[in-house]
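Engineer: These are the residues of each chain, in order.
Protein chains: 2
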Amino acid sequence: MGRTKLSDIAKALELSKTTISKVLNGYPDVNALTRKRVLDYIKEVGFEANTQASFLRTKETKTVALILPQISHDFFNSILEGMLKIAQQTEYTFYVACSNESYELETKLISKFLKRNVDAIFLSISRETRNFDHLRAIHEEGKILVLYDKIEKTIDCPKIIIDDRKASFTATEHLIKKGCRKILHFRGGFLPQISIDRYLGYRDALDKYDIPFDKERIFICENANEKDGFFAAKKALESGIDFDGLFTISDLLAIGAIQFFKKNKIQVPEDISVVGFSNWKLSSFTYPTITTVDQPGNLMGEKIFQTFLTEKSLKKQGLDPENREIKLPSKLIIRESS
Amino acid sequence: MGRTKLSDIAKALELSKTTISKVLNGYPDVNALTRKRVLDYIKEVGFEANTQASFLRTKETKTVALILPQISHDFFNSILEGMLKIAQQTEYTFYVACSNESYELETKLISKFLKRNVDAIFLSISRETRNFDHLRAIHEEGKILVLYDKIEKTIDCPKIIIDDRKASFTATEHLIKKGCRKILHFRGGFLPQISIDRYLGYRDALDKYDIPFDKERIFICENANEKDGFFAAKKALESGIDFDGLFTISDLLAIGAIQFFKKNKIQVPEDISVVGFSNWKLSSFTYPTITTVDQPGNLMGEKIFQTFLTEKSLKKQGLDPENREIKLPSKLIIRESS
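Those sequence lines, one after another, are chains A and B.
Letter by letter, the first sequence follows residues 0 to 337 of numbering that gives the first Met the number 0.
Letter by letter, the second sequence follows residues 0 to 337 of numbering that gives the first Met the number 0.
It is possible that part of the hints are untrue.
One copy or two, either will do: identical chains are not told apart, so a pair holds if it fits within one copy or between any two.
Claimed, not checked - List of simulated lysine to aspartate or glutamate pairs, EDC-like, C-alpha gap at most 16 Å: (1) Lys84 / Glu100; (2) Lys84 / Glu301; (3) Lys107 / Glu90; (4) Lys84 / Glu103; (5) Lys114 / Glu90; (6) Lys111 / Glu90.
Just so you know, the hints here were simulated from the structure itself, not pulled from any lab data.
This is chain A alone, in the form it adopts within the complex:
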């Protein structure tokens, strides 16, 4: 079509020029059927990429939104830090918001950012979220979605995660190699993928070393904080089950558990070896210092932004979002607690 004008398309489809422009610019207030007609027509007549690109250019706002589930959280902070470090010197500006692990707030924030016409939303799903229509809406409005850390496998989009299953395998294997055979696991809730993967990594390690799995050794800690760790350790002791190791899905859980053990004259690591997860700054200042899995938050922040740029260029070529998982490597940091 070469130098196709808006008016040509409008005429052919018997629609207003405004409507065509709205579709090309990704405005939400166009009937889905109409949008489809316009896009199909453009595809059919081989609408020139150049012309399209110039429409797309006006559409970009060069703003992106990062939604964190928590703010006072070392790992999420380092993601924010890593992202800003590489990206804020570019022409992009960053909206930042926090869902406070609330589904309602997460939905509200996404709808607010879509109204702001952001180019992309970067999301780690809240602990409460069970329904994912608000994520599908991001695609429907022609925006880019990148999920990170707490992801949902059924959503088609790039996902940046730590290889949690492998990291947990390594952490549990470390305890086994230290001689532990009766290893407690303080896990998260049933839904978030990270909680599932870390649990599976724990089980993989038991399987590899032929250690029978005992579900009595699993404790669910929804909030993954010190208090949860303290009370899970208390429950474990009161249950009468014996144990010589503990693998928790957060450093705060490990700290809370160690506080309980200290109170009850259970020595760490002599009586029980403990491994946490995340390598929060404070895990190297506790007494004893805590063995933990280092998650590369800064790198994750960088990868999220880079992945967005890749997605954007795919989108400009009219391609669908890539449904791929990028797994970042983690590292076991061995300290006094194990």
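Chain A is already provided as a structure; the job is to place chain B on it using the hints.
Structural biologist: Frame of chain A; chain B shown alone:
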């Protein structure tokens, strides 16, 4: 003037309607003299507040920008957290950026946000910043500036700070009451107001208790991190000066110093009592736990946003920014290190 039209003003001043509109809508690309002529004229003829308000309405973008000097920093995180908690449920959205304590980046970010036409910028000044023209530019473009934590007294705008001098007085007085007479002070650089105020609070306490000031007991720690604390403690020991107390302007300094003391068999608190500043989460997990000054970060975040709303309503009434300091109370948290 009642229902004044743009064209009336344009005619009277022999300017284009676009120029008048640009001035009223706060666009930067209008010559300063022209802007002044328009604003003076409007003032002179008693341009109706209602009419003006409707111009102002279209001008607001309901976006505000928070610039943090550091991200992986408990206090700044809790400011961000407190602000988002009360403000993100409103119609405002938040740009967040980090100057990484760099003057160059701070300047760049501010100019970027002004181009984005934000309603306000909330800034804690970077450690490097010595020139403040970029802050004056915020006012010149008709935007609201709120300074917090690291402020500059010569800039006319609201400033939200901790009462640092009083907090440091209390911290030092606590050491004196514990029997310390030879108190080291690990301070920040010479410029940031917080560093000056904390130093003055330390001196106030010595004065009150008739303890002679000895400048040999003052050590400058520009980065205020563990490493700085470790090396300042080393320098103090090597200098041969005797000491029985230490007041530092950050918890990380205290932690670094305690690490050095432990290594050199100097007992905390038996040989030296230590007080930090900020109440980072990790200061309650160290061994010994650290006495420190709790800074109300969440409250500061809330106050910054509330102050912005007050400023906005003053501005709508055509009033100048309030040059006031809001001092938030802090609290001494006594732990094992003192």
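Engineer: Each of the hints needs a verdict: does it hold here or not?
Structural biologist: Hints and how they fare:
Within a single copy, Lys84 and Glu100 get their C-alpha atoms only as close as 25 Å, which misses the 16 Å cut-off; across copies the closest is 12 Å, which meets it. Taking the closest pair of Cα atoms, Lys84 and Glu301 come within 16 Å of each other only inside a single copy of the chain (8 Å); across copies the shortest separation is 26 Å, beyond that limit. When the C-alpha separation of Lys107 and Glu90 is checked against a cutoff of 16 Å, the pair qualifies only between copies, where the shortest distance is 11 Å, while the shortest distance within a copy is 26 Å. In this assembly of identical chains, Lys84 and Glu103 lie within 16 Å of each other by CA distance solely across copies; the values are 14 Å between and 30 Å within a copy.
Proximity of Lys114 to Glu90 under the C-alpha cut-off of 16 Å is restricted to the inter-copy arrangement: shortest distance 11 Å between copies versus 20 Å within a copy. With identical chains, the CA atoms of Lys111 and Glu90 are at most 16 Å apart between copies only, with a shortest distance of 8 Å across copies and 22 Å within one.
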